[in-house]
Amino acid sequence: MPVAIDPAFDLRRPSVASIGSLKPLLKVGSQVEAVIEDEDDEQPVKPEQIRAFTKPVIMWTVALVVMSYHSMAFGSVLPIYLLDDPQRPARELDLKGGLGMTLHEVGTYLAAGSIMSLFFQAVVFPIFVAKLGVWKAVLSVTLLSPFIHTVVPFVSLLPKPGAGIYAVLAFQSFAGVVSFPTFLILLKNATPSPLVLGKVNELAMSACSAARTVGPPLVGIFYSSLGSAGAWWSCALVAIIGVIQFYFSPRPRDDDETILRRASTAAVEAPPMADLARSREE
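Going left to right, the sequence shown walks through residues 1 to 282 as UniProt numbering numbers them.
Hint data in this document are derived by calculation from the structure and do not stem from the laboratory. A few of these clues could be false.
[Said to hold, decoys possible] With a cut-off of at most 27 Å between alpha-carbon atoms, the simulated DSSO-like pairs for lysine-lysine come out as follows: (1) 136 - 55; (2) 160 - 96; (3) 199 - 55.
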């Protein structure tokens, strides 16, 4: 076969690249350059351009604060209630005093509550959330919390109050183990973008810390002025406020798989542009 430098080489051969045959490639090249120029024109989204504290973020932050308050108040007033001397005879409803237990008994109950929390966290929580889903799981414990705080004074009616204390500790430990992680999951899912996740977490954790700070002294004031029942029912009232607030909180539109995936990868996963646009509108 003659080569291109051979005088016998035929320039009309179809294998020779001509200007006409290169035109499609030139068109493709211009299109690629246009796409590159368009991409260069796009500016990266800055955190300042994203509204961090949208309505869903604020609502789930408030839910976390309410839960933190009555959970911390429960944990601080329980040892006082167990140690305080009763004001009524045994097996009578005592709305003023406590159960009159010893320090050893109080320590046993608190240790049992910690063991229950570990068990619920490691074994029950994953199964419970997998069966009910994030939304139904957090709804169930939110509805359970007012009941727990309300029934504590009635433990004094039992022949053996210790059994009632163990039951109350079990329900409270379960509610605390389920509620805090699920509220955090819903808060992270409601965050408009990972770029503002640090700002949202900063607000939520600061507010929860403030609630845990004011909870113990406030419930102590109620205990000293209104008696043990007043302290417990003040916690129940706050938990009822949490139920009402939860009713107005926006329910996630995504399924549980998407919510959990987004919660576990929010630090590295960019939000969809539709979600970003919606956050700007809100």
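Tell me, which hint numbers fail for this structure?
No numbers; nothing is violated.
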